[in-house]
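K.L.:
As a plain string of letters, each chain reads:
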Amino acid sequence: MNAIDPIHAEAQGIRLSGVTKSYDAKAVTIPPMDIEMRAGEFTVILGPSGCGKSTLLQMIAGLERVTGGTISIGGREVQDLEPKERGLAMVFQNYALYPHMTVAQNIGYSLRVAGIQRAERDARVKAVARMLGLADFLHRKPGQLSGGQRQRVAIGRAIIREPGVLLFDEPLSNLDAQLRQDMRLELAELHHRIGATSIFVTHDQVEAMTLADRILILNKGRVEQFDTPKTIYSRPASIFVAKFIGAPPMNILPVSGDGRALRFGNGKVFAASPLKGEFLLGIRPESIVLDRHGPIRAQLRHREDLGSHMILTAAFDLVDLRIALPFGSAEPQQSDLHLHFPRECLHLFDVEGRRIEADFHLEYAN
Amino acid sequence: MIENARSINIAASVILAIGIVYILGPLYLALTTASHSYQETLQNGLTWLPGDDLADNIRRLWVETRIPQQMANSLIVALGNAALTCVLSFLTAYALVWFRIRWASVVFALILATIMLPLDIRVITTYQVAANILSPVNALLDLTGLNSLISRFFGAPVQLELSILDTHIGLIVPLVAHGTGTFLFRQFFLTLPRDLFKAARMDGAGPLRFIWDILLPLSRTSVAALFVLTFLSGWTQYLWPLVGASTPEMQTAVVGLARLMPDNDGRMPDFPLMMAGAVIVSLIPLLMIALLQRFLVRGLVLTEK
Ligand SMILES: Nc1ncnc2c1ncn2[C@@H]1O[C@H](COP(=O)(O)OP(=O)(O)OP(=O)(O)O)[C@@H](O)[C@H]1O
Ligand SMILES: [Mg+2]
Numbered sequence: 000m001n002a003i004d005p006i007h008a009e010a011q012g013i014r015l016s017g018v019t020k021s022y023d024a025k026a027v028t029i030p031p032m033d034i035e036m037r038a039g040e041f042t043v044i045l046g047p048s049g050c051g052k053s054t055l056l057q058m059i060a061g062l063e064r065v066t067g068g069t070i071s072i073g074g075r076e077v078q079d080l081e082p083k084e085r086g087l088a089m090v091f092q093n094y095a096l097y098p099h100m101t102v103a104q105n106i107g108y109s110l111r112v113a114g115i116q117r118a119e120r121d122a123r124v125k126a127v128a129r130m131l132g133l134a135d136f137l138h139r140k141p142g143q144l145s146g147g148q149r150q151r152v153a154i155g156r157a158i159i160r161e162p163g164v165l166l167f168d169e170p171l172s173n174l175d176a177q178l179r180q181d182m183r184l185e186l187a188e189l190h191h192r193i194g195a196t197s198i199f200v201t202h203d204q205v206e207a208m209t210l211a212d213r214i215l216i217l218n219k220g221r222v223e224q225f226d227t228p229k230t231i232y233s234r235p236a237s238i239f240v241a242k243f244i245g246a247p248p249m250n251i252l253p254v255s256g257d258g259r260a261l262r263f264g265n266g267k268v269f270a271a272s273p274l275k276g277e278f279l280l281g282i283r284p285e286s287i288v289l290d291r292h293g294p295i296r297a298q299l300r301h302r303e304d305l306g307s308h309m310i311l312t313a314a315f316d317l318v319d320l321r322i323a324l325p326f327g328s329a330e331p332q333q334s335d336l337h338l339h340f341p342r343e344c345l346h347l348f349d350v351e352g353r354r355i356e357a358d359f360h361l362e363y364a365n
Numbered sequence: 000m001i002e003n004a005r006s007i008n009i010a011a012s013v014i015l016a017i018g019i020v021y022i023l024g025p026l027y028l029a030l031t032t033a034s035h036s037y038q039e040t041l042q043n044g045l046t047w048l049p050g051d052d053l054a055d056n057i058r059r060l061w062v063e064t065r066i067p068q069q070m071a072n073s074l075i076v077a078l079g080n081a082a083l084t085c086v087l088s089f090l091t092a093y094a095l096v097w098f099r100i101r102w103a104s105v106v107f108a109l110i111l112a113t114i115m116l117p118l119d120i121r122v123i124t125t126y127q128v129a130a131n132i133l134s135p136v137n138a139l140l141d142l143t144g145l146n147s148l149i150s151r152f153f154g155a156p157v158q159l160e161l162s163i164l165d166t167h168i169g170l171i172v173p174l175v176a177h178g179t180g181t182f183l184f185r186q187f188f189l190t191l192p193r194d195l196f197k198a199a200r201m202d203g204a205g206p207l208r209f210i211w212d213i214l215l216p217l218s219r220t221s222v223a224a225l226f227v228l229t230f231l232s233g234w235t236q237y238l239w240p241l242v243g244a245s246t247p248e249m250q251t252a253v254v255g256l257a258r259l260m261p262d263n264d265g266r267m268p269d270f271p272l273m274m275a276g277a278v279i280v281s282l283i284p285l286l287m288i289a290l291l292q293r294f295l296v297r298g299l300v301l302t303e304k
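Order-wise, the sequence lines are chains A and B.
Residue numbers 0 to 365, in numbering that gives the first Met the number 0, belong to the letters of the first sequence in order.
Residue numbers 0 to 304, in numbering that gives the first Met the number 0, belong to the letters of the second sequence in order.
Extracted from the complex, chain A is given alone in its bound form (with noise of 0.2 Å):
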């Protein structure tokens, strides 16, 4: 067990200034980026498929060289520096356990490349056989392991080292909903417990959510937004991430203001307001109230009723509009439904689909 402690230690923060990725001369994979993770931190990144997360690990660990700028860890430049001299650790997607050695060898074999007695190798990757709970599959060959024991021996080969930054990349999409919710869990526990700086790579939202301290969305190489999931969640830097995080997604409602009045796409007035020009509107599906007296008319098309709550889609001026309802709320019974869209909750964006952070002034006719 004291065979892990020391990591929270040496937790290390990690700085990009500029960083540049392209694969060849045509496309660029990641334009200049700079961010900061503090030491201990758990980040998340998240992005549609193909938007450069894993690039962007495989930089941070050494596995892809940067085209341009730098990556300081704990406050050294790193960026041409072999992987081991970094100081970190890797779980891959498809664990990349070597097939023809035992878990014990598997989770020792750093440490017999850098050369560490036996004894001393045998005592620490028992302690960490045994904090992950693999003590007694030690022997066994990773053939004869279940998915989820597969991704624990990945994870134990990352921290026996003890490193002070531990990368994950999409390290629990091979296993079932079960297991992957069960490691969800033993992840957090585990970072609780070690303090490493941790990145994981993920295009699950729900495991963004649930795991991160922040979640930096990724959108074609480009940050999106780089917050902590709550405001994330409440104050979505663009359309991209507002319609990324969330299931059902946001609804977004084109509306323009003649500086009087923001009038919906069919000329209905929405709100009064000053604001001149063409926007959009969000709002979560779980932000929209039935109301007998709301002011906003829709026809329901279809429901779906999912246990936990209740999708309703119903058309609204060309759009479909998603509303979700929580468990034992009240059934609408005809299909002209009257809604509410509660101030607080609605979001407004440009037409480029960037965030109107002014608090935007709106009133509500009565």
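Hint data in this document are derived by calculation from the structure and do not stem from the laboratory.
There could be a bad hint or two in this list.
Stated by the list, open to error - Computed list of lysine to any residue pairs in SDA-like fashion (alpha-carbon distance at most 25 Å, straight line):
(1) A/Lys25 with B/Ile100
(2) A/Lys83 with B/Phe98
(3) A/Lys140 with B/Arg297
(4) A/Lys140 with B/Ala223
(5) A/Lys83 with B/Ala223
(6) A/Lys83 with B/Arg297
(7) A/Lys140 with B/Thr190
(8) A/Lys83 with B/Arg99
(9) A/Lys83 with B/Leu191
(10) A/Lys140 with B/Gly205
(11) A/Lys219 with B/Arg99
(12) A/Lys83 with B/Ile100
(13) A/Lys25 with B/Leu95
(14) A/Lys140 with B/Thr220
Said to hold, decoys possible - Just some of the chain B residues that point at chain A, by a computed CB distance under 10 Å:
(15) Leu195
(16) Asp202
(17) Leu217
From the three backbone atoms N, C-alpha and C, an ideal C-beta is built for every residue, glycine too.
We have chain A already, so just place chain B with the ligands on it with the hints.
P.N.:
Just chain B with the ligands now, with coordinates in the frame of chain A:
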């Protein structure tokens, strides 16, 4: 339908039996012939019944012919061919699969092309190069005009010469230039997880350590299979050893066997001696197959379970 299947079964068995007779018949005849004395065959021709002179024929083979020495040559050529091919194709496939190389697909296509151009087709040019392995350098000097420059200053152009004909190296190297092994290893490496190399790097293992600790243990059966195959092919080579070695001391056993046949002097060839030779010379590859047969099968199906 069942009757139908049975008659097909019977037909298949008959065809199989005929095939076996065709394959084993000559082998059996070789064995019986090898067990009679020369005088007996002079009188009776080839016989289907075993005699009792096998030991004597083998003794004659040992003392009267160069077959023992030539078998040593064969062993050197076959082992050299197998070892060099394994090392070379392992390293080539390693570079092709695990590293990002410019033109990797072109290189691989060129390697594949060697499979379509076996040594038998290239034997004349191969002979020329083996007769002077520096001839490409000479050609390069001529082509670039360097040689005319040199002959202006020193009075004569450079003509380098180094022959590897009649050497073991000369017999081995042309056999090694062959892409089958590279292809075999490449296909096997492609079945391994891509991240294995990255994981090893994260664990601090460099490219050589990765070969030694991870890739080589995983490829054990593939290496063994390729070793057996190239050993057999090296042992049974005929055309190149015939051309590449002109003295009986350097010839291989297969070539030596053919040389036991007297040149047209009207005498009846010493069939028992030749057949004893054939039996002895076939023994080594047979032994090899018997010992390593399980690797052959496992290594060629490319999956390790
Ligand atoms: N070795 C490579 N050579 C050339 N282009 C590459 C290479 N690796 C990745 N790319 C490209 O870089 C971009 C980002 O890839 P990356 O693997 O980082 O995406 P990702 O966000 O991890 O996606 P996923 O969620 O599918 O794993 C993609 O367009 C991909 O095609
Ligand atoms: Mg990826």
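K.L.:
Next step is simple, just say for each hint if it's right about the structure.
P.N.:
These are the hints, each one checked on the structure:
| no. | hint | verdict |
| --- | --- | --- |
| 1 | A/Lys25 with B/Ile100 | holds (18 Å) |
| 2 | A/Lys83 with B/Phe98 | holds (19 Å) |
| 3 | A/Lys140 with B/Arg297 | holds (19 Å) |
| 4 | A/Lys140 with B/Ala223 | holds (22 Å) |
| 5 | A/Lys83 with B/Ala223 | violated (33 Å) |
| 6 | A/Lys83 with B/Arg297 | violated (36 Å) |
| 7 | A/Lys140 with B/Thr190 | holds (18 Å) |
| 8 | A/Lys83 with B/Arg99 | holds (20 Å) |
| 9 | A/Lys83 with B/Leu191 | holds (23 Å) |
| 10 | A/Lys140 with B/Gly205 | holds (23 Å) |
| 11 | A/Lys219 with B/Arg99 | holds (24 Å) |
| 12 | A/Lys83 with B/Ile100 | holds (23 Å) |
| 13 | A/Lys25 with B/Leu95 | holds (24 Å) |
| 14 | A/Lys140 with B/Thr220 | holds (18 Å) |
| 15 | Leu195 | holds (5 Å) |
| 16 | Asp202 | holds (4 Å) |
| 17 | Leu217 | holds (6 Å) |
Going down the numbered hints, you'll see the structure goes against 5 and 6, while the others check out.
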